[in-house]
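Spelled out, the chains give:
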Amino acid sequence: MASSQTWLLRPLQERSTQIFLGVLFSALIVVTFLHLFMPQDSALHVSAYTVTLLGKYLCYALLAVAVDLVWGYLGILSLGHGAFFALGGYAMGMYLMRQIGDRGTYGDPVLPDFMVFLNWDSLPWYWQGFDMAWFAFIMVLLAPGLLALVFGFLAFRSRVTGVYLSIITQALTFALMLAFFRNEMGFGGNNGLTDFRDILGFNLRTDATRLGLFIATGIALAIGYIICRAIVTSKLGRVSIACRDAEARTRFLGYRVERVQLFVFVVSAMLAGVAGALYVPQVGIINPSEFSPLFSIEIVVWVALGGRATLYGAVIGAILVNYAKTVFTGVMPDAWLFALGALFVLVTVFLPKGIAGLLQKRKKAQDDDDPATAQEATA
Amino acid sequence: MGILRSLLSLRLASLLALLMAIAAPAFSQTEEDPGQALLANLADASPRQMDAAIEAIVNSGDPRARSWLDAFGNNRLSRNKDTGQVVVVLRNVGRDWTIADPLTGENLGEISRRELDRVNINNAIRGKLEGVLAMLDLYSTNPEIQRTAAEAMMGKVNETVIEPLNNLLAQDLPARVRDRLELAVAIYQLEQGDAQAKADAITTLTGSLHSRARAALNNAVAGDDPAIAASAKAALISIEQKLKMNRAAETLYFGLSLGSVLVLAAIGLAITFGVMGVINMAHGELIMLGAYTTWGMQQLLPGQPGLALILSIPAGFMVAALAGIAIERSVIQYLKGRPLETLLATFGISLILQQLVRTVISPLNRSVTTPEWMSGSLVINDALSLTLNRLYVIGFALVVFAGLMLIMRRTRLGLEVRAVTQNRAMARSMGIKATRVDIMTFALGSGVAGLAGVALSQITNVGPNLGQNYIIDSFMVVVFGGVGNLWGTLVAGLTLGTINQILEPWAGAVLAKIMVLVMIILFIQKRPRGLFPQKGRAAEG
Amino acid sequence: MSMFEQLAKRDQVFEFLAPAASPVDVRHGPILYLEDVNVSFDGFKAINNLNLTIDDGELRCIIGPNGAGKTTMMDIITGKTRPDTGSVWFGSRHNLLTMTEPDIASLGIGRKFQKPTVFEALTVFENLELAMAADKRIFPTLTAIMKPEYRDRIDEVLEMIKLKTLRDKPAGILSHGQKQWLEIGMLLMQKPRLLLVDEPVAGMTEQEMERTAELLTSLAGKQSVVVVEHDMGFVRSIARQVTVLHQGSVLAEGTMDQVSNDPEVIKVYLGEEA
Numbered sequence: 001m002a003s004s005q006t007w008l009l010r011p012l013q014e015r016s017t018q019i020f021l022g023v024l025f026s027a028l029i030v031v032t033f034l035h036l037f038m039p040q041d042s043a044l045h046v047s048a049y050t051v052t053l054l055g056k057y058l059c060y061a062l063l064a065v066a067v068d069l070v071w072g073y074l075g076i077l078s079l080g081h082g083a084f085f086a087l088g089g090y091a092m093g094m095y096l097m098r099q100i101g102d103r104g105t106y107g108d109p110v111l112p113d114f115m116v117f118l119n120w121d122s123l124p125w126y127w128q129g130f131d132m133a134w135f136a137f138i139m140v141l142l143a144p145g146l147l148a149l150v151f152g153f154l155a156f157r158s159r160v161t162g163v164y165l166s167i168i169t170q171a172l173t174f175a176l177m178l179a180f181f182r183n184e185m186g187f188g189g190n191n192g193l194t195d196f197r198d199i200l201g202f203n204l205r206t207d208a209t210r211l212g213l214f215i216a217t218g219i220a221l222a223i224g225y226i227i228c229r230a231i232v233t234s235k236l237g238r239v240s241i242a243c244r245d246a247e248a249r250t251r252f253l254g255y256r257v258e259r260v261q262l263f264v265f266v267v268s269a270m271l272a273g274v275a276g277a278l279y280v281p282q283v284g285i286i287n288p289s290e291f292s293p294l295f296s297i298e299i300v301v302w303v304a305l306g307g308r309a310t311l312y313g314a315v316i317g318a319i320l321v322n323y324a325k326t327v328f329t330g331v332m333p334d335a336w337l338f339a340l341g342a343l344f345v346l347v348t349v350f351l352p353k354g355i356a357g358l359l360q361k362r363k364k365a366q367d368d369d370d371p372a373t374a375q376e377a378t379a
Numbered sequence: 001m002g003i004l005r006s007l008l009s010l011r012l013a014s015l016l017a018l019l020m021a022i023a024a025p026a027f028s029q030t031e032e033d034p035g036q037a038l039l040a041n042l043a044d045a046s047p048r049q050m051d052a053a054i055e056a057i058v059n060s061g062d063p064r065a066r067s068w069l070d071a072f073g074n075n076r077l078s079r080n081k082d083t084g085q086v087v088v089v090l091r092n093v094g095r096d097w098t099i100a101d102p103l104t105g106e107n108l109g110e111i112s113r114r115e116l117d118r119v120n121i122n123n124a125i126r127g128k129l130e131g132v133l134a135m136l137d138l139y140s141t142n143p144e145i146q147r148t149a150a151e152a153m154m155g156k157v158n159e160t161v162i163e164p165l166n167n168l169l170a171q172d173l174p175a176r177v178r179d180r181l182e183l184a185v186a187i188y189q190l191e192q193g194d195a196q197a198k199a200d201a202i203t204t205l206t207g208s209l210h211s212r213a214r215a216a217l218n219n220a221v222a223g224d225d226p227a228i229a230a231s232a233k234a235a236l237i238s239i240e241q242k243l244k245m246n247r248a249a250e251t252l253y254f255g256l257s258l259g260s261v262l263v264l265a266a267i268g269l270a271i272t273f274g275v276m277g278v279i280n281m282a283h284g285e286l287i288m289l290g291a292y293t294t295w296g297m298q299q300l301l302p303g304q305p306g307l308a309l310i311l312s313i314p315a316g317f318m319v320a321a322l323a324g325i326a327i328e329r330s331v332i333q334y335l336k337g338r339p340l341e342t343l344l345a346t347f348g349i350s351l352i353l354q355q356l357v358r359t360v361i362s363p364l365n366r367s368v369t370t371p372e373w374m375s376g377s378l379v380i381n382d383a384l385s386l387t388l389n390r391l392y393v394i395g396f397a398l399v400v401f402a403g404l405m406l407i408m409r410r411t412r413l414g415l416e417v418r419a420v421t422q423n424r425a426m427a428r429s430m431g432i433k434a435t436r437v438d439i440m441t442f443a444l445g446s447g448v449a450g451l452a453g454v455a456l457s458q459i460t461n462v463g464p465n466l467g468q469n470y471i472i473d474s475f476m477v478v479v480f481g482g483v484g485n486l487w488g489t490l491v492a493g494l495t496l497g498t499i500n501q502i503l504e505p506w507a508g509a510v511l512a513k514i515m516v517l518v519m520i521i522l523f524i525q526k527r528p529r530g531l532f533p534q535k536g537r538a539a540e541g
Numbered sequence: 001m002s003m004f005e006q007l008a009k010r011d012q013v014f015e016f017l018a019p020a021a022s023p024v025d026v027r028h029g030p031i032l033y034l035e036d037v038n039v040s041f042d043g044f045k046a047i048n049n050l051n052l053t054i055d056d057g058e059l060r061c062i063i064g065p066n067g068a069g070k071t072t073m074m075d076i077i078t079g080k081t082r083p084d085t086g087s088v089w090f091g092s093r094h095n096l097l098t099m100t101e102p103d104i105a106s107l108g109i110g111r112k113f114q115k116p117t118v119f120e121a122l123t124v125f126e127n128l129e130l131a132m133a134a135d136k137r138i139f140p141t142l143t144a145i146m147k148p149e150y151r152d153r154i155d156e157v158l159e160m161i162k163l164k165t166l167r168d169k170p171a172g173i174l175s176h177g178q179k180q181w182l183e184i185g186m187l188l189m190q191k192p193r194l195l196l197v198d199e200p201v202a203g204m205t206e207q208e209m210e211r212t213a214e215l216l217t218s219l220a221g222k223q224s225v226v227v228v229e230h231d232m233g234f235v236r237s238i239a240r241q242v243t244v245l246h247q248g249s250v251l252a253e254g255t256m257d258q259v260s261n262d263p264e265v266i267k268v269y270l271g272e273e274a
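Protein chains in written order, with the UniProt record's numbering: chain D, 1 to 379; chain S, 1 to 541; chain X, 1 to 274.
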């Protein structure tokens, strides 16, 4: 028991984690303060819209952390993490759908509107239980976790790695997208799930709920970050890096590479699911486009821009790219795909270590100038 | 009825002789064209006299009879209220109608519609007219018209035409026409004939794949006579079996067609991915460029879609190959040995190319014309016809495949490519310019993508998303077939295409696609290196 | 039945209660036993009816020209390649052909690759830490704590492989020879019963070679060591028993002197004319 606590809390003693959490919580507090206490007409007032937008960025940041965990530390480039994100989102969406109750357009007490529209007379079995929050929240972890478990088990067992794995993960999310587009699947088809009313009894359309969701997302990001950090600083984290750099060697040391990969992959998928679950009530809709291969590969470029295998780089990358996307799509929507495409090329060719790499370089240069630390390093 | 009786009384030979003898110039000499009287007679006829009037026209053996009756059937025969002249209405839109002289075909210009009085026709007459016209066509000396008429007879036989048809069957007829007419008569006999005729009819219909033959047999099964019903049932079963075979053949054809598209799309990838180890996510957009080249070529050469298409083959290859070289030089060469980064960078390029097409050309689909010699289909039998454009694509895919095999196996470039693939350092030390080989390989792979685009433009819409739709499938084909193996790509592409088509009818298109994807994921469990893996220590790396 | 009989003998430590550290049964002599092993790649016979026996505590050198099947043999023993036919036993209890690579490694077979393979992103210390004999399942690894005795053991090995000063440097900056040593150090951390060492002295200076020879000979006796090497001088300096592989099967076996005077071996090494 004592040891399990130590490994989980170990990151809190790290300088980098302390800085990260400090910045994150300060940002949460500042935004909350500016939203609640600044007068509406003040330039410093943060509107509810902006709070939700920031909440969305934080969801993406958590998703990026999840991707960085498998890509940065395990060398598995997943081009299908959007699928786990979307599954978590759908689990939350199903809960929110059931919360609508008889307030839908058709006023059916049990069936969501789209099912009434499709003339379904009863709730499919897989929708059972989603009226209970605890069940839905467990499914947020379980649905992506199980998919990752089954998929990962099959893939890692047969030692599918590298680009093969990337392509197969892409095929996975593509297949799910096609499946979720079908009305027969019972997830609202093309339109997905929307028109949500309230969550845990709080009206989703009030500013207070929005702020609450924003803060919850921030806390989820903090916890997710600590979990990832705890894994990568443990011996298992070093084994992951070992798997990434010399898989065969790791195997000959007696580690079951496929199990290490599976464990980290499943944890990552669950984190992605949580990100998706927090995303849905904030944007108010979940539809199959979250499964699109483009979205999944976009996540990877956030991580690449921020810098792989740093975790905090993923957060920086996710927020920067999505902020840029918000700005671009507002000003000149056509140019966004050009910018995104160029970002892919420029980051991979000119900035392989991302922004975090630049930061580390500067820090290192500073350390080298400082004779005390330089000596310490050689000692 | 009377009309056809008289038609019957005319023997075919004498009719033909008549047709030839009474040539049009003969009339122009006479002061009074007999046609004029015939038409006036038709126009004046009361519904009761209509039969006789039509009969008169048919019996006249006038070569223009067909066009008159045709116009009559289509409500185009009118009478000028002033002159009493019977005219054919060429255009009946608007207030003024264009009319022509039915005797000479001369255009008489426009006339107010109020001046015209339509020669009335009722549905009963029109129904008979159809049979009469079909019969007239059956006597035609033009084999094309004759065949079409025979085709049209299916299921249209009624008591009025049965006798002349039997008469006609006694004559010497082209095999296809005879076959059709026999079927048509049999269908009629099965419905209306006596017991013996019905039995004979079933014998004739057995083995026919025509949908009307099946419909007639189905009716017979439901009929009162148990003996007939039983033998009709037996005939149906044998037809059903034959149909199954044909359906299987059709599925196979569609499968091969889809498969050859997949092969075309994937084979360029097999070269760049398999041989060079480069993941080119922009491969789909190179296909798209090939398709847009075809479209552009057709814009340059309006009215000559065939020529444009043929010119597009080298042009599409060049455009895509040049684009490929540009991608290789600008990005991929800097990412050597970093496959995951290459994947991301080329994905970025694919986004840029897509958006470029959207901005420069249009976000909407462009239609590419299919040249005449590629449209239409090859009719094997009543249940099976192969669309020509797909047949061409299958052939094209095979030619491209054979060409690539030749290049890789028999040329200096192929040798150098294989050398560089197996041991880069060694190849370089033997004087092979590895960089040049890289460029050439990439250009080749990209060029083939362009060719795929040219082919795809003939069977699908040309739009900015064209490439995207094929990229995942293409990768699946390469992974399924085994990386670095062109044969594997061929077999995998055709297999996946066929499996997809087999699954589609009972699973639906989307589900079939999902099932194929899942199947590949499971397949990789058994054989992680595809159908045709590279073996040995080198493959372990 | 046999389990019941064992339970009845109360003066004995039950087999299932015995520590799992050394489950290898070498009471019958050999620790490694290969019989009639065949492997072919696309029709090429890499291993051809190979028979080989290594005794417990033996130091065996295996030599042979390129393509003789030395590395493939190691692949088979460590579970990387499955032979087409034949049997491979570790002690008299463990059939290696039914086991996975990590299982074989946990059983006590350590392997050094031909090309030195260390985890370049990790420090020298961490490389050794990962190699250390421990519970290597997921959760124990996740919650593992660096105990002082582990630290001492790692420092001990660091001393042996002369990398103490580079303890906290990433392994990527080591020289070729240092990587070789680090890899040997990782083998030592595993505490294996059998070490398979593929070309340990490639890229080493004369001095380093001597030290490696010393290290390997000192291991023999406690552990069994199989060395594949091209450098004849090195082989001569450590070898007691030498096996010559040629075209996937054993050509000759004996002391270095016996082997180097064998006319067959001379023919293979010097060409047909000699």
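I should point out that these hints are in silico values taken from the structure, not numbers from a laboratory. Every residue gets a Cβ at the ideal spot worked out from N, C-alpha and C, and that includes glycine. Treat each hint with caution, since some may be false.
Unchecked claim - Derived CB-CB ranges, DEER-like:
(1) S/Asn219 - D/Leu154: 39 to 47 Å
(2) S/Glu144 - D/Thr329: 32 to 40 Å
(3) D/Val116 - S/Gln525: 52 to 60 Å
(4) S/Thr435 - X/Glu159: 41 to 49 Å
To be verified - No farther apart than 16 Å at their CA atoms in a straight line, the calculated lysine to aspartate or glutamate pairs in the EDC-like style are these:
(5) S/Lys233 - S/Glu182
(6) X/Lys191 - X/Asp231
(7) X/Lys80 - D/Glu247
(8) S/Lys81 - S/Asp70
(9) X/Lys169 - X/Asp135
(10) X/Lys191 - X/Glu206
(11) S/Lys81 - S/Glu55
(12) X/Lys115 - D/Asp108
(13) X/Lys115 - D/Asp245
In rising order, the numbers of the hints this structure does not comply with: 1, 2, 3, 5, 6, 8, 9, 10, 11, 12
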